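Q: Position chain P relative to chain R; hints supplied.
Protein chains in written order, with the working numbering: chain R, 1 to 539; chain P, 1001 to 1194.
One or more hints might be untrue.
Unchecked claim - Derived pair list, reagent style DSSO-like, types lysine-lysine, alpha-carbon separation capped at 30 Å: (1) R:Lys256 <-> P:Lys1002; (2) R:Lys3 <-> P:Lys1164; (3) R:Lys3 <-> P:Lys1137.
Treat the hints as calculated values from the structure; they're not laboratory data. The model shown is predicted, which means the values in this text are computed figures rather than measured ones.
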Amino acid sequence: MNKIPLLGDEAIAQAAIDAGVSAVYAYPGTPSTEITEYILKSKEAREGEIAASWTSNEKTAMESVLGTSYVGKRGMVCMKHVGLNVAADAFLNSAITGANGGLIVVAAGDPSMHSSQNEQDSRFFGNFAMIPMLEPSNQQQAYDMIHYGYELSEKFEIPVLMRITTRLAHSRAGVNQSKKRKQNALKMPKTAKQFILLPGNARRRYKMLLDTQDAFTAESENSVFNEYIDADEKHLGVIACGISYNYLVENYPDHKTPFPVLKIGQYPLPRKLIEKMYNECEEILVLEEGYPLVEESLRGFMNNGKTIKGRLDGSIPRDGELNPNIVAQALGIPHFEGRESSQHVVGRPPSLCKGCPHIYSYNALNEALEKYARGRVFADIGCYTLGALEPFNAINTCVDMGASITMARGAADAGLVPAVAVIGDSTFSHSGMTGLLDAILGKVPITVMILDNGTTAMTGGQYSNAHGKIEDICIGLGMDKKHIHVLNPIQKHHDENMAVIKKELEYNGVSVIIPRRECIQTLAAKIRAEKRKVKLATQ
Amino acid sequence: MKKDIILAGVGGQGILSIAAIIGTAAMGADLYLKQAEVHGMSQRGGDVHSNLRLSDKPVASDLIPQGHADMIIAIEPMESLRYVSMLAENAWLITNSTPHVNIKNYPELHDILTEISALPQHIIIDADNIAKDLGSKRAANMVILGAALPFLDMDIKLFHDAIKTIFGRKGDDVVQMNIDALKAGWDFASSKAL
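Excised from the complex, chain R in its bound form (with noise of 0.2 Å):
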């Protein structure tokens, strides 16, 4: 068969395609985003032989692929490495209850921080679960993992965690398909108090977990996924876990090093082949993308016994991701350094698009806030997270999904009043609902502002889960409807928009205004395949 070029994400969803999934859910996320995009456009995904959607967050996709597995079918859940946070509680309990039907968690990091707020390593999440994880180096190896990894997850009745890095994800490569397996029929777990965390079965099953780690550990050892490429000059060895392969051999002629390299995709770690590297070779290097996991467990607290050089001795930088330069440099290979960089380029951070409904919402708010001291705007994660930029300086928090209108309603309670919570309408069906129930509880003098623009934007235009559904939301957790405005931000409207929030920041309780007009991203979308369907119907 031919091979297809796809991005690593269109890979491992062509994979679990192929390998049979019933069922996918995610929150987009950057760069996670296109596993899901890309299942829902398959010809299965629109026939509805695979369930896939996009969930109102990565919690509720997590525990909706356990109810796919808890009937025997195989289902996969993708979210961006922070996603795996909010996803956390239904993912720790998943490795105590097991899996029925193969389940897959894809996690994609983003060391570098090239979308996120943080580089955290997903690796530690599967060490903290237990539960074998698998990181491919290429794309067809994320392909082919994919089909291993639900053979090991039924095999062993358990999740597995794949995690992916930006470069992988959005990367592509030419990848050899293999043969398309069919769907797993209905079938109930074997035993009926699997799924039961009451305490006596949790122990139990706790036990088990802990009792399964060995085989585990050996299915490692035996994995395809750890391979120990034997060398002659063994006064190096290098342990190099994922993509960070590729950045290694890129330095050498061949893709062949002088020195034993043991390639880490399957954890738990292969004890004994990293035990007969460290035996064999004077020295070790460690190469990792995101945080130290592998060098830390080699080095112990005591860290006395060879060298092992990586992230933490400073052989490569604490942060950011890998590339070959940095890898070889932590070699002492002399590399060409290229030509100066030029004198006449300046930064070009992103920016707001022309004609976008936050700018409109953020010129009203700033002017509306102009007799107010600065300090008491608590946004969100999505696009308008750039009115923190220039012109607008508009924001002064950005921390976690949902966070605007929890902290706006705790810097409120501790006396900063007014406080101006912003949040996007994918942001507040994500965790803004909760929040917001708390702050009419609390009858807190916040004012919300709802950015609906109808769309998950920054991340292409996926489905809000919330949309047209958002006064009545408030409404339904209690909000007064007198309190609630549903503003056009457009600059004709500006004065009467600015004079509603205005009004609403001297109000003593809570208040929601929703300025509401399309992205014009995706309004831009609707247009141009409007006119392809003119067009090829008029053909």
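A: Leaving out everything else, chain P in the frame of chain R:
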């Protein structure tokens, strides 16, 4: 054969459409390919770039090592210089001449073009106007790609096939427009380089 190419532009200018055409052409030539893209936050009017690596041998790193890039293809002149330190000795820089000014401190265009002109191997092409003369401003990216083709060591037919594959569903006139745009870029670059 090995070509490491950096594509550069501003979010929304469509560097990924150029990447898709080269990628499809490379697959047609049975070359190994890796192409790292940028998605997410930086897409919103910020600078974007893509690393595209083609080779007749397997490609390891998704990222091009410093000083190894054979070519920069840019849709915007200042962006063409952002990664100039990535270029190898005898590399080419191919750029559109029309600036995209969405920042207050955009440098003097004259300074930018002078710096580009000082590079031993460069093409500065007014792709927007060439595309407009052909009847479609949206084909400017294909004009720029066309201007890079003489230095890519690949058969132009591969690119015609790639355009058919990618634009086919939009109709024959769109395919022909893009093929014409590609040729216009090629003709311009050939006349400059020889």
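Q: For a quick check of understanding: which of the numbered hints are violated here, in increasing order?
A: 3
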